[in-house]
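Novice: Below, each chain spelled out in residue letters.
2 protein chains.
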Amino acid sequence: MTSHREAMPNAFVPGKGDLGPEELALVARRQKALGPAYRLFYETPLHLVRGEGVWLYDAAGNAYLDAYNNVASLGHCHPRVVAAMAKQAATFASHTRYLHDTILSYSERLLATFPDRLSHVMFTCTGSEANDLALRIAYQHTGGTGIIVTENAYHGVTHLVAGFSPSLGAGVARGAHVRTVPAPDPVRGDDTGPEFARAVQGAIDDLARSGIRPAALIVDTIFSSDGVIPDPAGFLAPAVAAIRAAGGLFIADEVQPGFGRTGAGMWGFARHGVIPDMVSLGKPMGNGYPVAGLVLRPGVVAEFGARGRYFNTFGGNAVAAATAMAVLDVIEEEGLIGNARDVGDYLATGLAALARRHDCLGAPRGAGLFIGADIVTDGRPDAALAARIVNGLREARVLISATARAGNVLKIRPPLTFSRENADLLLERLDQVVTAL
Amino acid sequence: MTSHREAMPNAFVPGKGDLGPEELALVARRQKALGPAYRLFYETPLHLVRGEGVWLYDAAGNAYLDAYNNVASLGHCHPRVVAAMAKQAATFASHTRYLHDTILSYSERLLATFPDRLSHVMFTCTGSEANDLALRIAYQHTGGTGIIVTENAYHGVTHLVAGFSPSLGAGVARGAHVRTVPAPDPVRGDDTGPEFARAVQGAIDDLARSGIRPAALIVDTIFSSDGVIPDPAGFLAPAVAAIRAAGGLFIADEVQPGFGRTGAGMWGFARHGVIPDMVSLGKPMGNGYPVAGLVLRPGVVAEFGARGRYFNTFGGNAVAAATAMAVLDVIEEEGLIGNARDVGDYLATGLAALARRHDCLGAPRGAGLFIGADIVTDGRPDAALAARIVNGLREARVLISATARAGNVLKIRPPLTFSRENADLLLERLDQVVTAL
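Chains A and B, in that order, give the protein sequences. The first sequence lines up with residues 1 to 437 when you count with the working numbering. The second sequence lines up with residues 1 to 437 when you count with the working numbering.
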């Protein structure tokens, strides 16, 4: 049981940590009310009460620099988004079975950020639902059932999607028609693309030996749970060609890299010069409001739409649309993609400088404000050391986490409003924490 | 393709209906942006712009009495709920991996409305996710994979859940381990319980012949999509005993009857004198905010929690909790369960009087403010006539819909704030529409 629990990087282990009486009482209430499947972050969990911009505040009034939470991608409690949500919720909140303009205006504006051939959008409430819907559509369109993902992929928590999210740990059964491929090796350089395509082709061949036709290759285009693997840009193209040649679809999971985080346009797939058949969206889409969706080319959904219908009671309701519209407004008007690029580069440069001074800290990998950095001891992945750094930073009031199959990659993913000054503070505290190890 | 589309009662058929130019343009934009899987209500879809209490307003300013939408169960845009949502969204909106009081206060208050043994709650964003999670947990706990549902059940739209939601139509593949049973016959009276239990036992036996162990019997405790079958209260008990004797769990889907709608306490299962192993919650839980959940007894989730974890990014976030708490406040302080009972009885009495005067209108069946009434011609189900009545009422500015496998049951499910005066208006308009047939 312990090993399953420890499959999650940066999980609190009950009975450990330096909790005060108030926090111990909250932990006990959680266990009683929420049961055994919930996890907290950090050796000593945070008790938060307020958020504003890049800052989160605990019950004692301490401020924490948030360099982890990508849902509040515009900063916590962005006043413009909150106002748009409240206004629409006070006016009309109902669903997509009545005509309403806002959902259409939002859809058209969102679709304008995609290549022309991706011209439909369907709405869900969560990224899990978006990926689940993507596979339902892929099954119908291809007649295949095989699914190819990376070895430590995470795509969500419905029964179907958990079955192709191996990062949930060995305790969660893998779907019978799921095949995994190693994530691209970040140090292969020019051979990354061909190597990844060879792995995908191997999975296609393995499915074929079991008499299974492929439905889809689905990847998070920044490979977050595999350890953040952005480069070389373009490496996805040969694998996409391989899955299509085998009759399967390519689904880009943009729940984590999407909405400008990479600093190179709105969508992570664009860095790779590919156009997916479907694109799933989630977390930052409503800056905290539960809205997600699936963008797709019309050809793949024709059969699905003819044979059945899709209705998600809350998906694409008027409040979701108005809130998500405000998010697009803010990304554009505050120039957040440019800021992600600028501050992301600045932060990566600072991390590279730290890496030269600290043997345990690998060179940063990233795109915009999504950065990973290996923690190693004698050249080998060191998850325990990564956990010490993550928890050391939490004590120093900077929030990051860890990722990758080995749990040894620092995961730095701040709100897109992060400033150079915020980056300096992160770098200063990280330097202190690593120096004190 | 037409037959699949017509599997949904009260669906708009493109190219038909009496739409103005503005509405035609909206329909065209929908088809272009949202694609072929979306459906509108009514022969002539409604273009809505505002909601307040039991009233919805179209773009021309016409008011429609809402006797259908159960998401806005406290009335559309309830100011107290909107204020609670906006206040929390401006303060802190983050997830369940930090300690936060509101989610626990809400959980404890919600759980206090359940029998003691149902003492855990897990949070999702949609009823689909809640039912999907229920089955994941049931699989893990029972080791079985068989699922038993009614012939026209609806439980949601994830891949797994759509597979046991036959009301989605023959175009949606049924899961391999799913068995259906006829919904209870509303006119059998005292034999309803034993008859339904015999059908469930037959499904258990049929699964056994295929070597499949049952995981769960799941029913909507008001049998909404099967035509609204509330009586005789208590009829579920023998079927629940049968599934348990076979090693399966009983899951009550309270997405539609829950949160006081039946006028007989908070939960539909209580009318049947049974205590489920799990209870799924959804639609009215946040009066429009996307929040849903699963209440369960600790024993069933122990194995699931030990082997894996559950995290739903938006599920149970601080805004969801604060909003859902305001919903409980309003239900209690406005006495909405009592109102559902009182106005529901009043409305049912009025419908019974109309049924005595109109041959096509069957005697109403219902509990509180969830009422179904058969439409028949020469004693046989008449879906076309039901559609004429539903659309006639829409022209008369009263919103209801139709349900049941045969599509011939009027579905009346207004906000719980419905008044006797509202009921009188519905009855008057229904009388006019049926008289004019």
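Honestly, the hints are just simulated from the structure, not real lab data. The structure displayed is predicted, hence computed values, not measured ones. It is possible that some hints are incorrect.
You can't tell identical chains apart in this list, so a pair holds if it fits in one copy or across any two.
Restricting the straight-line Cα-Cα distance to at most 25 angstroms, the calculated cross-link-like pairs of lysine to any residue (SDA-like) are [what the hints assert, rightly or not]:
1. K87 to T192
2. K87 to V49
3. K87 to G189
4. K32 to A63
5. K32 to E108
Novice: When no copy is named, should K87 and T192 be tagged within, between, both, or neither for a Cα gap of at most 25 angstroms?
Specialist: For K87 and T192, neither the intra-copy (48 angstroms) nor the inter-copy (48 angstroms) Cα distance is at most 25 angstroms.
Novice: Go through the copies and call it for K87 and V49: within, between, both or neither, with a Cα cutoff of 25 angstroms.
Specialist: Close inside one copy (24 angstroms) and across copies (13 angstroms); limit 25 angstroms.
Novice: 25 angstroms Cα cut-off: does K32 pair with A63 within a copy, between copies, both or neither?
Specialist: Result: close neither inside a copy nor across copies, 29 angstroms intra and 47 angstroms inter.
Novice: When no copy is specified for K87 and G189, does a C-alpha distance of 25 angstroms or less occur within a copy, between copies, both, or neither?
Specialist: Classified as neither: same-chain Cα gap 50 angstroms, cross-chain 49 angstroms, threshold 25 angstroms.
Novice: Since the copies are identical, ignore which copy is meant and state whether K32 and E108 lie within 25 angstroms (CA to CA) inside a copy, between copies, both or neither.
Specialist: between (45 angstroms within a copy, 9 angstroms between copies)
Violated hints, in rising order: 1, 3, 4; the structure is consistent with all others.
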